[in-house]
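A.B. asks: What follows is the residue order along each chain.
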Amino acid sequence: MTDSYTAPVSDDRADLGTHGRELILDARNIGVDFKVEGGIVKAVRDVSFQLHRGETIALVGESGSGKSVTARTVMRLLTKRARISPRTRITMSGKNIMALGDRQMRKLRGNDVAMIFQEPMSSLNPVYTVGQQICEILHLHNRMSPAAATARARELLEEVQIPEPDARLRQYPHQLSGGQRQRVMIAMALANRPDILIADEPTTALDVTVQAQILNLIKDLKAKYGMAVILITHDLTIVRQFSDYVYVMQNGEVKEHNRTEDLFAGPVHAYTRHLLASEPRGAAKPLPEGGETVLEGRDVRVVYTLKRGGLFRPNFMDLVAVDSLSLGLKRHETLGLVGESGSGKTTFGQALIRLIANNGGEIFFDGQSIHDKDRKQMRPLRSRIQIVFQDPYASLNPRMSIRQIIEEGLIVNGIGATSAERVEWVRQALRDAGMPDTILSRFPHEFSGGQRQRIAIARAIALEPEFILLDEPTSALDLSVQAQIIELLRKLQDEKGLSYLFISHDLKVVRALCHRVMVMQYGKIVEQGPVNDVLSHPKTDYTARLVRAAFDIAA
Amino acid sequence: MTSVDLEGKAVVPAKPETIADEIVVSRHSGDESYLNLVWRRFRRSVAGMIGLVLVAMLLIMAVFADFFAPLDPKLTLLPYGPPTTLSFVDADGTFSFRPVYYPIVETGEFDPITFQPLTGPDLQNPKYLSFFVRGWSYKLFWVIDSDIHLFGTADGGPLNLLGTDKFGRDILSRGIIGSRITLTIALIVVALTTIIGTLVGIICGYLGGRVDAWGQRFVDLMLAFPELPLYLALATLIPVTAPSHLYIAFVIGVLIVLRWAQLSREVRGKTLALARIEYVRAAIATGAGDFRIVARHILPNVMSHVIVSVTLSIPAIVLLESFLGFLGFAVKPPLISWGLMLQDTNTFSVLGSYPWILSPVVFVLITVFAFNALGDGLRDAIDPY
Numbered sequence: 000m001t002d003s004y005t006a007p008v009s010d011d012r013a014d015l016g017t018h019g020r021e022l023i024l025d026a027r028n029i030g031v032d033f034k035v036e037g038g039i040v041k042a043v044r045d046v047s048f049q050l051h052r053g054e055t056i057a058l059v060g061e062s063g064s065g066k067s068v069t070a071r072t073v074m075r076l077l078t079k080r081a082r083i084s085p086r087t088r089i090t091m092s093g094k095n096i097m098a099l100g101d102r103q104m105r106k107l108r109g110n111d112v113a114m115i116f117q118e119p120m121s122s123l124n125p126v127y128t129v130g131q132q133i134c135e136i137l138h139l140h141n142r143m144s145p146a147a148a149t150a151r152a153r154e155l156l157e158e159v160q161i162p163e164p165d166a167r168l169r170q171y172p173h174q175l176s177g178g179q180r181q182r183v184m185i186a187m188a189l190a191n192r193p194d195i196l197i198a199d200e201p202t203t204a205l206d207v208t209v210q211a212q213i214l215n216l217i218k219d220l221k222a223k224y225g226m227a228v229i230l231i232t233h234d235l236t237i238v239r240q241f242s243d244y245v246y247v248m249q250n251g252e253v254k255e256h257n258r259t260e261d262l263f264a265g266p267v268h269a270y271t272r273h274l275l276a277s278e279p280r281g282a283a284k285p286l287p288e289g290g291e292t293v294l295e296g297r298d299v300r301v302v303y304t305l306k307r308g309g310l311f312r313p314n315f316m317d318l319v320a321v322d323s324l325s326l327g328l329k330r331h332e333t334l335g336l337v338g339e340s341g342s343g344k345t346t347f348g349q350a351l352i353r354l355i356a357n358n359g360g361e362i363f364f365d366g367q368s369i370h371d372k373d374r375k376q377m378r379p380l381r382s383r384i385q386i387v388f389q390d391p392y393a394s395l396n397p398r399m400s401i402r403q404i405i406e407e408g409l410i411v412n413g414i415g416a417t418s419a420e421r422v423e424w425v426r427q428a429l430r431d432a433g434m435p436d437t438i439l440s441r442f443p444h445e446f447s448g449g450q451r452q453r454i455a456i457a458r459a460i461a462l463e464p465e466f467i468l469l470d471e472p473t474s475a476l477d478l479s480v481q482a483q484i485i486e487l488l489r490k491l492q493d494e495k496g497l498s499y500l501f502i503s504h505d506l507k508v509v510r511a512l513c514h515r516v517m518v519m520q521y522g523k524i525v526e527q528g529p530v531n532d533v534l535s536h537p538k539t540d541y542t543a544r545l546v547r548a549a550f551d552i553a554a
Numbered sequence: 000m001t002s003v004d005l006e007g008k009a010v011v012p013a014k015p016e017t018i019a020d021e022i023v024v025s026r027h028s029g030d031e032s033y034l035n036l037v038w039r040r041f042r043r044s045v046a047g048m049i050g051l052v053l054v055a056m057l058l059i060m061a062v063f064a065d066f067f068a069p070l071d072p073k074l075t076l077l078p079y080g081p082p083t084t085l086s087f088v089d090a091d092g093t094f095s096f097r098p099v100y101y102p103i104v105e106t107g108e109f110d111p112i113t114f115q116p117l118t119g120p121d122l123q124n125p126k127y128l129s130f131f132v133r134g135w136s137y138k139l140f141w142v143i144d145s146d147i148h149l150f151g152t153a154d155g156g157p158l159n160l161l162g163t164d165k166f167g168r169d170i171l172s173r174g175i176i177g178s179r180i181t182l183t184i185a186l187i188v189v190a191l192t193t194i195i196g197t198l199v200g201i202i203c204g205y206l207g208g209r210v211d212a213w214g215q216r217f218v219d220l221m222l223a224f225p226e227l228p229l230y231l232a233l234a235t236l237i238p239v240t241a242p243s244h245l246y247i248a249f250v251i252g253v254l255i256v257l258r259w260a261q262l263s264r265e266v267r268g269k270t271l272a273l274a275r276i277e278y279v280r281a282a283i284a285t286g287a288g289d290f291r292i293v294a295r296h297i298l299p300n301v302m303s304h305v306i307v308s309v310t311l312s313i314p315a316i317v318l319l320e321s322f323l324g325f326l327g328f329a330v331k332p333p334l335i336s337w338g339l340m341l342q343d344t345n346t347f348s349v350l351g352s353y354p355w356i357l358s359p360v361v362f363v364l365i366t367v368f369a370f371n372a373l374g375d376g377l378r379d380a381i382d383p384y
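In the order they appear, the protein sequences are chains R and F.
Residues 0 to 554 in numbering that gives the first Met the number 0 are what the first sequence lists, from first letter to last.
Residues 0 to 384 in numbering that gives the first Met the number 0 are what the second sequence lists, from first letter to last.
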């Protein structure tokens, strides 16, 4: 599929003048260049959008599409290396933002426009209490007395529905959960009743079940204050349920824009169609009856001992990360292991392949017991058990070339007698993983996230394993890349007869890839069964919440 | 490149993500090696480039010190002779194409108060500066006999551009030759502390557990020593009559013992983080042994930190040497070092009358600046990914 559609995108909205709302932000021809090594990168080119009071517009695109840069241009929050094109015109409530001085801009930020970011931990200052940080904003913009500011801060926390607002005011950011921190950020953004709220991937760093709560909160507050919201996201499910109007961005340009219903009903541009088609779909092929068991765990237990108290009164506490869990995986089967972050699914998975020591239970691989083997004794089995990690940026050594990365396992396991023979294995693995075999002497930093994940998969399959532990291999990737990786994993399973243990929090991907699924919470399995049964008739509340979060955010 | 920061997000379009099944390998550059990338980033830093040029010049000067020094560093002339000034205009006011100077000689008169012999330029005897002249003989690289010098006077007459010290020896020549000892001390100390510190740091950080606990307590102990008093105390252990080479070896040994701990602590921290990173776990999952993981995965990723630490600790040792030399504890004559030369400046009245004996400070200053600037530039450039 290529970008054959090149008709210019009109600057004016498709629903111009049909809803009769007041126009509060009119951005025309936003252009931003970044000076980089060896030239200029045009991050944003001729992006125009309009925002009316009381509506939500969504800027959608994959990473690198320029959506965040566009939003930051509106706030004038770009770094010094950015150059804003002279054609850029941004009019906010009749004021031309590009002509404002730094002082006026500071007044505008927070008063008229506010922004919340993806990572609520790094947006809050860890050394001040939540109350101090909210009061600071109130004081800066409104010159409130300390007592009045505290009272107002409490009101704001109530509005963002944080339980026990009085206690929270005196707490530090690290004492709050991720969702609560994002609520505090929203409270701070609302402190001066802005007209426009820019939400830059507000829920990407949060657990799936918290995501819905935060988005609903933003929606309620928007209605209450009559704000307009610019929602920046890559998640089409969110867009569909929370925005009125969508701008689809790619490579710094708006490719298509339309009312949400119209866009989803009839995408015009090839890229939009491509995005919409990227939702994980399909299902795993049915398993042949009575396959042999490849990996089996019985009552596997992993306990972390935490030390509390001081040197003289130590108080040891056991955190049971994996609480006597059992699991059996058949040949050719894909077993999904799902749960929120902190549910112990990664620990369980890595304990099963002996990357983390288990404190009890038995593990068998292909009939052999492996729970009693140490690292040296495990080595002969390593080539048959492989792992693909979540973060393709951390799982490839930046100082090694692609050839060295993939070849390492071959050298260690004595596969291939000569260097030439090994290179042929490496090439074959790269081709199997859908990468060209000409990249042997390149380094990981030259590749995008999806390409890196393919290289990590090539490293795993080069050893011709029987079983691969897939530890959230798609969650760090863009949607369309995610779909490709799922397709690749399915193809490899078919061709090579692999068994997968697939760890994920995203039930959409699990549905597309797995035969069976186990749902984990607090180190325990709360539900398990064939994937369709569990997803369509969840027995526990927890599973039901996960399912709703994945398929139906607003519910 | 992470996509968390704004810059990162903006840069990504240069490497288009794949659409459908077509693989687009990044457009940017072909096969660029690690060193190329570092060099490209390093060139952007002006201070770093100045530092690099100065360091290169310093090293060349140290290696070919005899060639650059115009006079024999042991030759004694007039004590505390002032620096000679070069001029293109001679005493009668006529222009001379070659720089001319008048050697300082005793005038035969005495100061009426102190009865010190008075000195002044010998106007009858103009000397002309020449390049590649024959002068005192030396052995290049300890083997090749030579007597060619970069500059001097054609007849080998005294040329004291920075004046002379209390025995009448040329300060410029001694400074150039002294760079050898000073830089040698710095390089040996830094090389050995780096090796020891890196090894201890990696062993502690990688093995962890009890080895780490005891290793780091030992490092704590080393770091807790008050460096200077301990150094002075140790310096008294060696007999004053010991040969100067033995003395300098002892100095180097003490400096190494006192200085490896800091780097080992930094390396341990980096190793701790690296040992838990996913590519190391992936290597364990392919069955790699400890040695391979340390050699292929941890060491190369710690090296950038170590290299920067090396360039930044060389000036520290140069400064320490000059300080200890000033106190008389670093280098014994007849060896020459900058610190030893500065020992002459410890009397205030002498310093007031003959300020040029402070000029070794300029050598130290340039060296410290050069290595610091190089280190700063390297620090910004060395992690291009």
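Everything labelled a hint here was simulated from the structure, so no lab data went into it.
Where hints are given, some of them may not hold.
DSS-like cross-link-like pairs, simulated, lysine-lysine; straight-line CA separation at most 27 Å [as the list claims (entries may be wrong)]:
no., chain 1, residue 1, chain 2, residue 2
1, R, LYS106, R, LYS284
2, F, LYS269, F, LYS138
3, R, LYS306, F, LYS165
4, R, LYS507, R, LYS490
5, R, LYS375, F, LYS73
6, R, LYS94, R, LYS106
Please read these numbers as outputs of a predicted model, since none were measured by experiment.
A.B. asks: Indicate, hint by hint, whether the structure satisfies it.
C.D. replies: Consistency of the hints with the structure:
no.: 1; hint: LYS106/R x LYS284/R; verdict: violated, 59 Å
no.: 2; hint: LYS269/F x LYS138/F; verdict: violated, 46 Å
no.: 3; hint: LYS306/R x LYS165/F; verdict: violated, 67 Å
no.: 4; hint: LYS507/R x LYS490/R; verdict: holds, 18 Å
no.: 5; hint: LYS375/R x LYS73/F; verdict: violated, 64 Å
no.: 6; hint: LYS94/R x LYS106/R; verdict: holds, 13 Å
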